[in-house]
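So the sequence lines, in the order shown, correspond to chains A and B.
Read in this note's numbering, the first sequence has 216 at position 216, and its numbers run on one by one without any break.
Here this note's numbering runs 1000 ahead of the position in the second sequence, where the first position is 1.
Check before you lean on any hint, since a few could be wrong.
Coverage of chain A stretches by chain B, computed from C-beta distances (three or more under 8 Å per stretch; other residues unrestricted) [unchecked claim]:
# : region
1 : 2-9
2 : 115-129
3 : 316-324
4 : 375-382
Partial list, computed: chain A residues near chain B (C-beta under 8 Å) [as the list claims (entries may be wrong)]:
# : residue
5 : PHE19
6 : ALA22
7 : HIS299
8 : ARG302
9 : VAL385
To list a few chain A residues with every Cβ distance to chain B over 10 Å, as calculated [stated by the list, open to error]:
#  : residue
10 : LEU20
11 : GLU23
12 : LEU30
13 : ARG110
14 : GLY206
15 : ALA267
16 : ARG297
17 : ALA333
18 : TYR363
19 : PRO389
20 : GLU391
These are calculated hints, taken from the structure and not from any lab test.
In this text, a Cβ means the ideal position worked out from N, Cα and C, and glycines have one as well.
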Amino acid sequence: MRLTPTESERRLQEEIRGFLAAERPDAARLPHALDARMEALRAWQARCYAAGYVGRAWPLEFGGGGRPGAEQIVIDQELAAAGAPEFANTVGLDVLGPSLLRFGADAQRRRYIPAILAAEEIWCQGFSEPDAGSDLASLRTRADERGEEFVLSGQKTWVSWGQFARWCGVLARTHDAGPRHRGISMLIVDMRSPGIEVRPMTQITGHAEFCELFLDEVAVPRANLLGELGDGWKIAMHTLGHERGTAALPRQVKLRTWLDRAVRVAAERTVDGAPLIDDPAVQTALARALVAVEVLRHHAYRTVGEFLNGGAVGPDSSSVKLLMAEAEQRLAATALDVLAPTLEHADAEAVEENEFWHETYLYSRAATIYGGTQQIQRNIIADRVLGLPQE
Amino acid sequence: MDLELSDEQRWLTESVETLLAREAGPELWDRLVEFGALTVGGEDGLGPVELCLIARALAAHLAPVPYVAGAAVRFAADADLGGDAVALALLEPGASWDAAPSTSVDGDLVTGRKVAVEHAATAERLAVVAAGRVVGLVDAGAPGVTLAAQPALDPTAPMYAVELVDAPMVALGASALRRMTTIGTLLAAAEAVGAAGRMLEDACAYAAERRQFGRTIASFQALRHLLADMYVRQASAWSSVLYAAAALDEDADEAARAVSVAKAYVSRATREVAHGAIQVFGGIAVTAEHPAHRFLRRIIVRERQFGDAAHHERALGRALAVVPQTVP
Chain A
1 MRLTPTESER RLQEEIRGFL AAERPDAARL PHALDARMEA LRAWQARCYA
51 AGYVGRAWPL EFGGGGRPGA EQIVIDQELA AAGAPEFANT VGLDVLGPSL
101 LRFGADAQRR RYIPAILAAE EIWCQGFSEP DAGSDLASLR TRADERGEEF
151 VLSGQKTWVS WGQFARWCGV LARTHDAGPR HRGISMLIVD MRSPGIEVRP
201 MTQITGHAEF CELFLDEVAV PRANLLGELG DGWKIAMHTL GHERGTAALP
251 RQVKLRTWLD RAVRVAAERT VDGAPLIDDP AVQTALARAL VAVEVLRHHA
301 YRTVGEFLNG GAVGPDSSSV KLLMAEAEQR LAATALDVLA PTLEHADAEA
351 VEENEFWHET YLYSRAATIY GGTQQIQRNI IADRVLGLPQ E
Chain B
1001 MDLELSDEQR WLTESVETLL AREAGPELWD RLVEFGALTV GGEDGLGPVE
1051 LCLIARALAA HLAPVPYVAG AAVRFAADAD LGGDAVALAL LEPGASWDAA
1101 PSTSVDGDLV TGRKVAVEHA ATAERLAVVA AGRVVGLVDA GAPGVTLAAQ
1151 PALDPTAPMY AVELVDAPMV ALGASALRRM TTIGTLLAAA EAVGAAGRML
1201 EDACAYAAER RQFGRTIASF QALRHLLADM YVRQASAWSS VLYAAAALDE
1251 DADEAARAVS VAKAYVSRAT REVAHGAIQV FGGIAVTAEH PAHRFLRRII
1301 VRERQFGDAA HHERALGRAL AVVPQTVP
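Same shape as in the complex, but just chain A (with noise of 0.2 Å):
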């Protein structure tokens, strides 16, 4: 058990601490077209790549710096708590590339893994359908082998960041028999391709980060499947674990600079002449927010050392999940109500800030439906942790 870092980290801590106060553009002033702001996220992660802050703990014979995991929790905390601007790659960092990593041909790790840590090329991820989302083994996105090649038809949603990819992870059906998990495949599909179609989709916020995609008969090398025919699934379920277990910590940092934004924004803005927190109810609302918030970094830091320490991302990840959306919810819905008595009155100074707390707050229902809804979350605790009977 320990919680101060190691001398190394310290060091890395204070070296990172350095690189951020030069380097990190101000989340505020970046573009706000999403063209612009994309090139921007791009640009920052080459940057963090080239300083040696991406893939830290992945290989050093596919351009990862082949350091402890530890390391990069140490980075992603850093990065959070100084507000710097997320990477461009995100699914190519959190979803595809680890599962390239662990299921990948070593060709295939070759070519693709190098330019999803430096940001040359990003990735998207073709998992949901339209009538497939909690229940994703149902998917009916077709890959039929033709020869040397897939040919891939279907409709895939919840594209993140699907308009500037060049690379995406599709699960595709690829045969009929047997258990339907089974018949699944991951194909790394060039989105490039004659025969994709991407529009984006206005979100809840006004921004449209995600899209449907259209496969009318995509051609797909065959080179470009990943794993063993009939593995998707497999992969699926390794790649959204790993997203659960390692994600929480610099999520935690994140929540936790929102909510110190929250707690200054409420000691700045008045009403009636009183700060909004001299109100004893604002301060015990904030510190419930704190709470879930802080004890999210508590129970992280119990799954995410048992992952260090060589375990598996377990099932228990799922009550990471479930933690990180409460904190989440719970902090933007109580953001919203402490600074209600202020949010409508049209400060000019204040409207970036209103908007802030708007898009946080409706966004944050988002934190219990993505990367498996709570209740699928739910089931996977008693079925995998509590083992309770389904008879």
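Keeping the supplied structure of chain A fixed, place chain B upon it in accordance with the hints.
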């Protein structure tokens, strides 16, 4: 940053479990003393993490011993208590856990009234908190000490009102009160987690056996989700206790705040687990013979001790409002 238990800590947990499976009678306190469960601090003694592991195990068995008090006083001060049981005399009539005590000290004589003094009738010593943030030890049988039994929600933690009139007291060191309150708060939380953990385990076992509509009730999604939520509360409540214990062990700046976070969270979380368990057991859990209410009673008593969730949330909220925020 990880919260993995060491091999020694795992071994300790198993040994305490073995001891509790064998010994449930009046000898339990002496067995715990022999085992070393009250050997606190120093090179070989127990630290906050180990104390929490023991407190959790004791509450899972509803052990009727004053462990929170005994361990807290030993952690707080380097007093030679041998195997004595100690009762904490902190709360005063009509006052909150925050209030400055009105119990007064004159030379080495202490005078005042205390309530909710657990296990006072079987304790050899009282740890009395007095004006000026002083804590001292008073022999329970000393002249000037009178006990009166108080109704107690948890019969395994009997409570007494204590009247002290010029009772001789030996004051403990200057930091003793702060240390005693911090560890006591945490141990109360650890006990609540122990009691709730037992309820969760029993509720899962019961749901897997009890049949209605021709199938186990655990097969119904409504109950599977309830039990899953209870598990998340229980597991994260324990994480918050372990984190605070590790912070206290490392004497981290944030230790006191981490203890408050744990107490606030555990108080609400363990009640939720207990309520969920009673729902799973159904009507039988509303009978006196079913053990559910005994665990719930222990949970509520530990929730109140050293301040409940609302108390700690108010304190954390006040701190948020005045202290400039930095990300840990």
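Outcome of the hint check:
1. Coverage of the region 2-9 of chain A by chain B holds [criterion: at least 3 residues with CB-CB distance below 8 Å; count 4].
2. Given as covered by chain B, the region 115-129 of chain A fails the check, having 0 residues with a CB less than 8 Å from a CB of that chain where 3 are the minimum.
3. Here's how the region 316-324 of chain A fares: 4 of its residues keep a CB closer than 8 Å to some CB of chain B, so the rule of at least three is met and the hint holds.
4. With a threshold of 8 Å between beta carbons, the proposed coverage of the region 375-382 of chain A by chain B holds, since 6 of its residues qualify and at least three are required.
5. For A/PHE19, the shortest C-beta to C-beta distance to chain B is roughly 17 Å, which exceeds 8 Å, and the interface hint is violated.
6. Because the smallest distance between the Cβ of A/ALA22 and any Cβ of chain B comes to about 19 Å, over 8 Å, the interface hint for this residue is violated.
7. Because the closest C-beta pair between A/HIS299 and chain B is about 4 Å apart, less than 8 Å, the hint holds.
8. The beta carbon of A/ARG302 is positioned within 8 Å of a beta carbon in chain B (closest approach about 4 Å), and the interface hint is therefore held.
9. Look at A/VAL385: its Cβ gets to within about 6 Å of chain B, closer than 8 Å, so that hint holds up.
10. The beta carbon of A/LEU20 is kept farther than 10 Å from every beta carbon of chain B, the shortest such distance being approximately 13 Å.
11. Residue placement check: A/GLU23 keeps its beta carbon more than 10 Å from all beta carbons of chain B (closest about 19 Å).
12. At the 10 Å boundary, the C-beta of A/LEU30 stays outside the reach of chain B, the nearest C-beta of that chain being 21 Å off.
13. For A/ARG110, the condition that its CB be more than 10 Å from all CB atoms of chain B holds, with the nearest at approximately 33 Å.
14. Every CB of chain B lies more than 10 Å from the CB of A/GLY206, the least distance being 29 Å, so the non-interface label holds.
15. Here A/ALA267 does not stay apart from chain B, with its beta-carbon only about 7 Å from theirs, under the 10 Å limit.
16. Not every beta carbon of chain B lies more than 10 Å from that of A/ARG297, the smallest distance being close to 8 Å; the non-interface claim is violated.
17. No Cβ of chain B approaches the Cβ of A/ALA333 within 10 Å, the least distance being about 16 Å, so the stated non-interface status holds.
18. No beta-carbon of chain B comes within 10 Å of the beta-carbon of A/TYR363; the shortest separation is about 21 Å.
19. Against chain B, the non-interface label of A/PRO389 is violated: not every CB pair exceeds 10 Å, the least being about 5 Å.
20. Here A/GLU391 does not stay apart from chain B, with its beta-carbon only about 5 Å from theirs, under the 10 Å limit.
Checked against the numbered hints above, the structure violates hints 2, 5, 6, 15, 16, 19 and 20; every other hint is satisfied.
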